[in-house]
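A.B. asks: All chains, full assembly: derive it from the sequences and hints.
Letter by letter, the chains look like this.
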Amino acid sequence: MGEAGGGREGGDKARDEFLSEAQELVDGLGRDLLVLDQGLKRDQVDAEVINEVFRAVHTLKGLSGLFGAARMAGLSHELEDVLDDLRLGRIEVSQAVLDTLFQAVGLYGRILAAEGGEGADPAEEVEQFLLAVGQLSQRRGAGGGAGVMAQYDLDPGLLGVLTEYEEHRLRANIQQGQRLYRIRVRFSLATIDSALDDLKAKARPHGEIITYLPTGSGSDIDTVELEILLASRASLELLRSAITVPNVSLDEVGRRAAHGLSPSTPAPPPAGATSPPAALDDAGPPPTTAYGAVSRDTHSVPVDSYPSTPRDASPSRVPVASAAARGARAAGPDLSLRSVSQTVRVDIRKLDRLMTVVGELAIVKTAIGELAERVRGRAVDAREVGVELARLNRTFDRHLAQMQGGILEVRMVPLGQAFDKLARVVRQISREHSKDVNLVITGAETEIDKLIVEELSDPLMHMIRNAIDHGIETRDERLRVGKPPVGTIALNAFQKGNHVVIEVEDDGRGMDPEVILEAAIRRGVVTRDEAKELGLREVFGLVFMPGFTTKDVATDLSGRGVGLDVAKTNIAKLGGVVDIASDVGIGTKMTITLPITLAIISVLLVEIGPRLFAIPLANVEEAIALDPTLVRAVEGREVLTVRGASLPICRLARMFGVPHRERERARAFVVLAQVGNRRLGFVVDELVGQQDIVIKPLGKSLARVRGFAGATELGDQRVALVLDVASLLEEVLAPAETRFLASAPDGGRG
Amino acid sequence: MRRVLVVEDSVSARAFVRAVLESADAESPGPFEVVEASSGFDAMRLLPRGPYDLIITDINMADINGLELVRFIRRSEHHRTTPLLIISTLRAEQDVERGLALGADAYLPKPFTPEQLREACGKLFVAPAGRSEPPPGAP
Numbered sequence: 000m001g002e003a004g005g006g007r008e009g010g011d012k013a014r015d016e017f018l019s020e021a022q023e024l025v026d027g028l029g030r031d032l033l034v035l036d037q038g039l040k041r042d043q044v045d046a047e048v049i050n051e052v053f054r055a056v057h058t059l060k061g062l063s064g065l066f067g068a069a070r071m072a073g074l075s076h077e078l079e080d081v082l083d084d085l086r087l088g089r090i091e092v093s094q095a096v097l098d099t100l101f102q103a104v105g106l107y108g109r110i111l112a113a114e115g116g117e118g119a120d121p122a123e124e125v126e127q128f129l130l131a132v133g134q135l136s137q138r139r140g141a142g143g144g145a146g147v148m149a150q151y152d153l154d155p156g157l158l159g160v161l162t163e164y165e166e167h168r169l170r171a172n173i174q175q176g177q178r179l180y181r182i183r184v185r186f187s188l189a190t191i192d193s194a195l196d197d198l199k200a201k202a203r204p205h206g207e208i209i210t211y212l213p214t215g216s217g218s219d220i221d222t223v224e225l226e227i228l229l230a231s232r233a234s235l236e237l238l239r240s241a242i243t244v245p246n247v248s249l250d251e252v253g254r255r256a257a258h259g260l261s262p263s264t265p266a267p268p269p270a271g272a273t274s275p276p277a278a279l280d281d282a283g284p285p286p287t288t289a290y291g292a293v294s295r296d297t298h299s300v301p302v303d304s305y306p307s308t309p310r311d312a313s314p315s316r317v318p319v320a321s322a323a324a325r326g327a328r329a330a331g332p333d334l335s336l337r338s339v340s341q342t343v344r345v346d347i348r349k350l351d352r353l354m355t356v357v358g359e360l361a362i363v364k365t366a367i368g369e370l371a372e373r374v375r376g377r378a379v380d381a382r383e384v385g386v387e388l389a390r391l392n393r394t395f396d397r398h399l400a401q402m403q404g405g406i407l408e409v410r411m412v413p414l415g416q417a418f419d420k421l422a423r424v425v426r427q428i429s430r431e432h433s434k435d436v437n438l439v440i441t442g443a444e445t446e447i448d449k450l451i452v453e454e455l456s457d458p459l460m461h462m463i464r465n466a467i468d469h470g471i472e473t474r475d476e477r478l479r480v481g482k483p484p485v486g487t488i489a490l491n492a493f494q495k496g497n498h499v500v501i502e503v504e505d506d507g508r509g510m511d512p513e514v515i516l517e518a519a520i521r522r523g524v525v526t527r528d529e530a531k532e533l534g535l536r537e538v539f540g541l542v543f544m545p546g547f548t549t550k551d552v553a554t555d556l557s558g559r560g561v562g563l564d565v566a567k568t569n570i571a572k573l574g575g576v577v578d579i580a581s582d583v584g585i586g587t588k589m590t591i592t593l594p595i596t597l598a599i600i601s602v603l604l605v606e607i608g609p610r611l612f613a614i615p616l617a618n619v620e621e622a623i624a625l626d627p628t629l630v631r632a633v634e635g636r637e638v639l640t641v642r643g644a645s646l647p648i649c650r651l652a653r654m655f656g657v658p659h660r661e662r663e664r665a666r667a668f669v670v671l672a673q674v675g676n677r678r679l680g681f682v683v684d685e686l687v688g689q690q691d692i693v694i695k696p697l698g699k700s701l702a703r704v705r706g707f708a709g710a711t712e713l714g715d716q717r718v719a720l721v722l723d724v725a726s727l728l729e730e731v732l733a734p735a736e737t738r739f740l741a742s743a744p745d746g747g748r749g
Numbered sequence: 000m001r002r003v004l005v006v007e008d009s010v011s012a013r014a015f016v017r018a019v020l021e022s023a024d025a026e027s028p029g030p031f032e033v034v035e036a037s038s039g040f041d042a043m044r045l046l047p048r049g050p051y052d053l054i055i056t057d058i059n060m061a062d063i064n065g066l067e068l069v070r071f072i073r074r075s076e077h078h079r080t081t082p083l084l085i086i087s088t089l090r091a092e093q094d095v096e097r098g099l100a101l102g103a104d105a106y107l108p109k110p111f112t113p114e115q116l117r118e119a120c121g122k123l124f125v126a127p128a129g130r131s132e133p134p135p136g137a138p
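Protein chains in written order, with numbering that gives the first Met the number 0: chain R, 0 to 749; chain U, 0 to 138.
Rather than coming from a laboratory, the hints here were simulated on the basis of the structure. Be careful, since some hints might not be right.
[Stated by the list, open to error] Below, a list of computed lysine to aspartate or glutamate pairs in the EDC-like style, where the Cα atoms sit at most 16 angstroms apart: (1) K495/R <-> E444/R; (2) K109/U <-> D41/U; (3) K12/R <-> E21/U; (4) K109/U <-> D715/R; (5) K199/R <-> D62/U.
C.D. replies: Here it is as structure tokens:
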């Protein structure tokens, strides 16, 4: 392997780690920028957050170099320069700077996607972006003033271990007229991380910690003494009363006499010294200017695997009809918010509990082994063995259920992971347009399967884009109708039984059923006759139909090729449904209802010929016996009359080309399936029963097979294919020319 | 087998170094047994559990930085002469200078290839007091 293959030679596992860590860093970057954005609005920008942003980019640069990710290395290199200027105060933080940095988060996401083999390398966009970044970087030269440190009685040994940044911060603080304090504290090595966090939390409201130096004194290898350098405006007394941790001593670093003549003379606090007057303000409030040392204890960032990045429209994990069409259409710059990271961070205690269950199962296994031994060894009473086995079976069952529950729990992540990214989208869109929007999030802690969170980001993004684009009025318009000038989009999540409900609610202009109907008729989504039959809910449902749009001018927002129809299809693939409610002039509420997990689902097992198929129960409305006399052919399509209403039916045996003996069977059954407001009857030979199953993907070689969500192994070693009801429905009910399955009575496989 | 302590706060950079050092190579002194420390404190906890034949540390880390760790290592009884390699970006020349002054034996600029890492480690074993030699990859 040559130089370029460094990443590969570094190990595939290392490369996976790289993608996952880079993703986390980028996610953290996005969150930190939101914090800076909030801070800027209050005119309080936290130097430490800026440094964290710098560190993230610095690390990204180092990693991308190691793993040969040239595009990312280039982007990081330029950004690092800008961030260096920012953290050293050479550039002021402004909305424009933040815009650029937010843009970088998007680019990182796309680069990562490309590194992960999904989507194209955004070479051109990065080039353009770098040009813009270059203009930001108006260097005013380093802070200079290396001499200022000579004013303080600092140990040369301490100065010799400062990194460049630490030295810069020290200089900047001195120049701002901060006092310097030396904290000596002894910690037990075992608990140092949390003990130090405690100390930091107490010190931060009063100043900035420049460095931590282990003194190496004391022969004890279980404890360590740290010398901490703190820059602060506060008085010694105040700090002593604030930083109350065990084994601590706190002193002010003396200032040398006015012109640095006498190094051995520690001066009293700098009353008359040459420093700026601000230094004299004793216990004053933290400064509120751009680089004040403002408390940020609310910003302890949990380093979870928060997904956050856009990536190009990618092949769907579930093989369905719409995937190809979607891939072809989607080309906008930041279409997807899905994460490339497939990792879940797990609380170790959850794994410990699972391990305990494994231990219990091992005990059951041993008991079964012993029982088998006894049976083999001598004649045992069959009844006795039966009782014993039944007992073991119950125990086994209980532990298996615990294990299943435990593993499901591990898969659960808070919805906040998806919401964080949406906050960024809202910020971006509302800045691009003259619409002021406030995003209000509740229930971010609601947990749902990691896989669902991933697949949910994009549909939610489209709904929010739609709400801003079509729902929220401009500032002027809102004032005119007596609404508050700033629009509100509420994102509410909560659990409801085995489902999670997410509401996207705006206080915009609402949807007018008449306008929707007119538009739908004009675009041929429905005929005028069909329109008369539709209820209010069905009328609102029309906005999810392919080809439907009421906007007259294609805007940047929703005119990106992927609309609400795809959002709805994607949600349907997760076994979810979307409902709309809307009042003209008041607002619109879209409600998504999703199952909590995709890993284990309840299915209806059916037989078609000799084969078994599984239909997710979430999609099954009811199953009835097929009465052949109620079947009619309408426009080449079989339709069944059920309680007076017409229901299109689909003979699965024909569709799948399964040999079947329809004539021999006394009767067949119809399974009424539904996704959203679309219904279809599947004709099957036999209903076998209901079962909880684990879906397994079909694997790469079958990835192009449509109509199946996966396969499952049943207890008796048989395998059943799991129907992807949403895609089957779409294919069967689609207009004739795009159908891949002929639904004419003599149709085989298309 | 030789043991190496790798101090680095990035999990994937650690994984990279581990993958390189764990693989055997005819010309390099590997394979190594790799012990990972994710922070300076982590390293300080692991140091007494030595001996180590080689210590590799990043410089830019949160809390105690790599320079402070180098000083600590050189002052501790057991690791005064353990070969010590520092890793840093080229940009931070001053950090590198300080690291060498504090007693590190060599430095390796980031990013590096597996070959460069192996070579750097190899040189430290050929000439354990190799501070007089130009560090690998130095300009």
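A.B. asks: Now, for every hint given, state plainly whether the structure supports it.
C.D. replies: Here is how each hint holds up against the structure:
no. : hint              : verdict
1   : K495/R <-> E444/R : 14 angstroms, holds
2   : K109/U <-> D41/U  : 22 angstroms, violated
3   : K12/R <-> E21/U   : 13 angstroms, holds
4   : K109/U <-> D715/R : 56 angstroms, violated
5   : K199/R <-> D62/U  : 10 angstroms, holds
Hints 2, 4 from the earlier list are contradicted by this structure; the remaining hints agree with it.
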